[in-house]
Amino acid sequence: MSDTLDRQRYTTYFTGNVQGVGFRFTTESIAGGYAVTGFVRNLPDGRVELVAEGHPDELARFLAKITTSMKPYIDHIQTNHSPATGEFASFTISH
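Just so we're aligned, residue 1 is where the sequence shown starts under the working numbering, counting upward by one.
Everything labelled a hint here was simulated from the structure, so no lab data went into it. Check each hint, because a few of them may be wrong.
Derived SDA-like pairs (lysine to any residue); straight-line CA-CA distance at most 25 Å [to be verified]:
1) Lys65 x Ile77
2) Lys65 x Arg41
3) Lys71 x Tyr34
4) Lys71 x Asp6
5) Lys71 x Gln19
6) Lys65 x Ala89
7) Lys65 x Asn17
8) Lys71 x Phe25
The structure presented is a predicted model; accordingly, all values stated were derived computationally and were not measured.
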């Protein structure tokens, strides 16, 4: 399916004061405005992990909006790119 070939997976790790500040809920809310699927979750080491699939330009806009909205809490962002798997039907908070 060509749509899956055009899509990418971004696995992004946010470091800083990113837990206990509404980061996951804000990210889930922002996702509703973009054509992305995947999840966001807290990690035991204090980071937040975001796994999102979509077209690269849409993913870039989505990440930019999260970064702008949560900027006071973020110290560092690391994003890895890989091919989309198509395994997600929506965007959710994972526990």
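How the hints compare with the structure:
1. Distance hint between lysine 65 and isoleucine 77 is fulfilled; the C-alpha atoms sit about 13 Å from each other, no more than 25 Å.
2. As the CA atoms of lysine 65 and arginine 41 are separated by approximately 17 Å, the hinted pair is consistent with the 25 Å bound.
3. The suggested pairing of lysine 71 with tyrosine 34 holds, with an alpha-carbon distance near 19 Å, which does not exceed 25 Å.
4. For the given pair, lysine 71 sits about 29 Å from aspartate 6 by alpha-carbon distance, which is inconsistent with the 25 Å threshold.
5. With a C-alpha separation of about 13 Å, the suggested pair lysine 71 and glutamine 19 falls inside the 25 Å cut-off, and the hint holds.
6. Using a Cα cut-off of 25 Å, the hinted pair lysine 65 and alanine 89 holds, with the two alpha carbons roughly 21 Å apart.
7. Distance hint between lysine 65 and asparagine 17 is fulfilled; the C-alpha atoms sit about 18 Å from each other, no more than 25 Å.
8. Simply put, lysine 71 and phenylalanine 25 have alpha-carbon atoms about 15 Å apart, close enough for the 25 Å limit, and the pair holds.
Checked against the numbered hints listed earlier, the structure breaks hint 4 alone; every other hint is satisfied.
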